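Those sequence lines, one after another, are chains U and Z.
Residue numbers for the first sequence follow our numbering, so the first one is 1 and each next one is one higher.
Residue numbers for the second sequence follow our numbering, so the first one is 1001 and each next one is one higher.
Hint data in this document are derived by calculation from the structure and do not stem from the laboratory.
The structure displayed is predicted, hence computed values, not measured ones.
Wrong hints could be hidden among the right ones.
Computed beta-carbon distance windows for the label pairs [claimed, not checked]:
| hint | chain 1 | residue 1 | chain 2 | residue 2 | range |
| --- | --- | --- | --- | --- | --- |
| 1 | U | TYR367 | Z | PHE1148 | 28 to 36 angstroms |
| 2 | Z | ALA1275 | U | VAL243 | 54 to 62 angstroms |
| 3 | Z | ALA1040 | U | GLY340 | 30 to 38 angstroms |
| 4 | U | ASP14 | Z | ASP1293 | 34 to 42 angstroms |
| 5 | U | GLY339 | Z | ILE1245 | 49 to 57 angstroms |
| 6 | U | TYR367 | Z | GLY1039 | 30 to 38 angstroms |
| 7 | U | LEU342 | Z | GLY1039 | 21 to 29 angstroms |
| 8 | U | ASP38 | Z | ALA1275 | 48 to 56 angstroms |
| 9 | Z | PHE1295 | U | VAL243 | 55 to 63 angstroms |
| 10 | Z | PHE1148 | U | GLY85 | 40 to 48 angstroms |
| 11 | U | GLY85 | Z | PRO1042 | 44 to 52 angstroms |
From the three backbone atoms N, C-alpha and C, an ideal C-beta is built for every residue, glycine too.
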Amino acid sequence: MTDLNKLKIAEARDLLRKGELTARELTETHIKAVDEADVLNAYIEKTPEIALEQADKADAMIKAGDAPAMAGIPVGIKDLFATKGVHTQACSKILDGFKPEYESTVTQKLWDNGAVMLGKVNMDEFAMGSSNETSYYGPVKNPWRRGDTDTVPGGSSGGSVAAVAGFAAMGATASDTGGSIRQPAAFTGTFGIKPTYGRCSRYGMVAFASSLDQAGTITRDVRDGAIMLEAISGFDSKDSTSVDVAVPNFEAALTGDIRGMKIGIPKEYYLDGMSSELEALWQKGIEWLKAAGAEIVDISLPHTKYALPTYYIVAPAEASSNLARYDGVRYGLRETVEGGGLEDMYEATRAAGFGDEVKRRIMIGTYVLSAGYYDAYYLKAQKVRQLISNDFKEAFKSVDAILTPTAPSAAFAPGEKSDDPLAMYLNDVFTVPASLAGLPGSSVPAGLDEGGLPLGLQVLGKPWDEETVLKVSGVLEEAASFNHEPKVWWR
Amino acid sequence: MTYIIQGAHDDFEVVIGLEIHAQVTSNAKLFSGAATEFGAEPNAQVSLVDAAMPGMLPTINEECIRQAVRSGIALGAQINKFSKFDRKNYFYADLPQGYQISQFSHPIVGEGVVTVDLEGGKTKEIGVERIHLEQDAGKSMHDQHPQFTYVDLNRSGVALMEIVSKPDMRSPEEAAAYVTKIRTILRYIGSCDGNMEQGSMRADVNVSVRKHGEPFGTRCELKNINSVRFVRQAIEVEARRQVDIIESGGVVDQETRLFDPNKGETRSMRSKEEAHDYRYFPCPDLLPVEFDDDFIEAARESLPELPDAKKNRFMEELGLNDYTAGVLVAEKESADFFEVLVDALAKKAGKDAGKVAVKASNWLTGDLFGALNKASKTITESPVSAAQGADLLALIEDGTISGRIAKDVFEVMFETGKDAEAIVEEKGLKQVSDTGEIEKIIDEVIAANPGQVEQYRGGKDKLIGFFVGQVMKATGGKANPGVVNKLLKPKLDG
């Protein structure tokens, strides 16, 4: 069989169960595809031996007839998920050589489900970035190019989306703090879903901003997203913020029936200077849902404009504290100064170990928590965060889901925004509000811009209602019939 | 008595507030499952959470919450059904996370009050501001290698209660009494073992001085004092230092200082300018701690009788005086020993506890405490158990042996751990109460001392003591003194 690596998870699952395909074949094909995609720089650590071992285990599970949905499915793992004995550095130099003695809950659930690890995928350092240009391991290239010009894959889950869009993984784990799943999904024509905060355990996930970080998935379509998300969801007593609610059968939610459902269109998401093609795409999305029987409701989320500034106070504040543990004392990089003391070691280690963007956010975070500034920044941001959350609560009294664009533009060129942090931060303008409110959200590939690059639409749902997000996403996907693939240039 | 520091010109008063750090008695740490036992090999009791490995998350140990609530109730304090954990951010090698998880804005326990016992039976009420839970840090060891500092993380993450007093103390004695009382209460309820030498309890002491009637002066914080005696000394030394500064026209700087018991001085650790900006903010890894009235009630019901209540009972029901009751309740083990002793004795002697309690307390605080003291043993190491003590005292009660013989028997018991009855039997120390036998000896004594008999009969009444002594001597001290007295007088009187 050719092009095994282009199969969707659901298709492969069915073939595996019918015995028409083995996990080993599927995995071998993918190992090759991973090697051929080296130029994308999606993988920063390949684990073919582990993959084959897991594939054989999966084949045994499948033979025994009780294989879970992810059995034998080769996936990429974002570098911030702890994988026992395997490179886990959140793509930072400061964790140089770190291999944990433990497994994150999310990846453990995948292995328990029979999934196959192809390797660890690239990301922005500590998930701080929107273009995957801050990684210690170098930038990731988007399989999608504007003509012959490279584009960024988005971030921070740039390696996850590049691997999936580049057919070098059937799915990938990702994490979203302010849009790190949805924005890169939009840039690469993939489906990304971030569940409700508390749906997936954060145990073993290198922390960026604890109150926002949430694991999720990147897949090539909505059904695959439903399958993979279900596999990594669930309560975990090792994470106090994970919530003990039942995990539904997400795939079963994909009925395609949204008749009578109310979809909110927030007026505040019409930005000045929004490109006409993006606005047109959004309008198309509205028409598609209407055509499928949904009722379109204009809504207001009045505090939307404060979301980005709020996010860039709360997230760096938590990050400045979360990243204090990287001090050169116990693991990772240690830089010492001849004749120097403890303080010198801290300074040298952190100066050498963190990249510019991480340092910038640590400094912002330290500043906003400092005596004399706490009330004006951090405390006020927390209050605004509550108002933003209340906006959504109010809106969800009258609608079942919300439809917006995912990102203000399609993928841009490397270096285009990396010298202008504010322009870079604007990438998250549509995704950040839902992150602050802890809501589930997805990005569905919905069309191409005039340069032939994918654009995504974002679906937001009520807390714990990933089913509606998936259902609406499925309808959009069907209507958009997005069958585009990037031209393979990287082999 | 007011404690006054005399300066060259004025008299000064000292104002003291304490922060007591008490290690919560629990099998596991505050936010991890690692063990907390004292004395383990360095870094043998460290979980991935305690070492702050990437991606590790704290989860609250409910037992620590329960113990904090029990402690709050025991200190008569407000229990907060809603509290929160915050991060206190600072860098140090033995602080793996780069922050300590503590409670800053919403502590688990609010205001309370403790009655401390002062000399001469006086008491004073000292306010408790709050109790909050926090993680302990690890230990830096600077003496293991010429160039490097080693870090032991066994203590990292161990649960501490920080008990913050109000600035209500006005003398080293009051501060010492406060620490002692807090320690006693926590030990009673079992929320902290109070072992100051092993570091399970230590105090930060805030000291300032002022002339009478003036507002509070600038305070200095004396860190990590680990004995009641040092608390007292540190305050004396620091108050004197501050008075000297003021009297010589200087200004006391607000700073953190270290007490050096060897040199008897305090030294500056860091000034206010060098103080950390801890950047407290709510710990996003933990949910607020919330519980209901049932949780509080269950904690209340689990409390034993507290020392003040016990002391009152010892005085009112058992007739002990204030001093003795105070001595007995100071250590839970002594009070427990006493209660077993009294119960066993009352049962054996067939009398009310109230009838035998004073005798029991006298023997315990006199004979047993004396012997333990001499042997440098604690009450829990006593070679004579409470039941054995009761046996001994019962032998006095029923007249088997005299009080004097009992002292000899006790000595043997303390040395050998044998039972009183066995010793009495073995050594033939049984008291002679047989009137016939005693009468015979009296007759012999009278016959042998005609001169003294003459003098007695001539009006020298006091000589009766001589005759009692002679009879006792002749019986090797075993004659029942009551019986001797009763029989001797009529015979002498003729």
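Cross-check of the supplied hints:
For the pair U/TYR367 and Z/PHE1148, the supplied restraint of 28 to 36 angstroms holds, since their beta-carbon distance comes to about 33 angstroms. Distance hint for Z/ALA1275 and U/VAL243: a CB-CB separation of about 39 angstroms, inconsistent with the stated range 54 to 62 angstroms. Between Z/ALA1040 and U/GLY340 the Cβ separation comes to about 32 angstroms, which falls inside the hinted range of 30 to 38 angstroms. The hint said 34 to 42 angstroms for the Cβ distance between U/ASP14 and Z/ASP1293, and at roughly 55 angstroms that hint is violated.
Checking the proposed 49 to 57 angstroms range against U/GLY339 and Z/ILE1245 shows it is violated: the Cβ atoms sit about 37 angstroms from each other. Separation of U/TYR367 from Z/GLY1039 is about 43 angstroms and departs from the stated range, judged on CB atoms against 30 to 38 angstroms. In this structure, U/LEU342 and Z/GLY1039 meet the distance hint of 21 to 29 angstroms, their C-beta atoms being roughly 27 angstroms apart. Taking the beta carbon of each, U/ASP38 and Z/ALA1275 are about 52 angstroms apart, inside 48 to 56 angstroms as hinted.
The given range of 55 to 63 angstroms is broken by Z/PHE1295 and U/VAL243, whose C-beta atoms sit roughly 21 angstroms from each other. A hinted range of 40 to 48 angstroms for the beta carbons of Z/PHE1148 and U/GLY85 is inconsistent with their spacing of about 28 angstroms. Our hint of 44 to 52 angstroms for U/GLY85 and Z/PRO1042 is violated, since their Cβ atoms are close to 25 angstroms apart.
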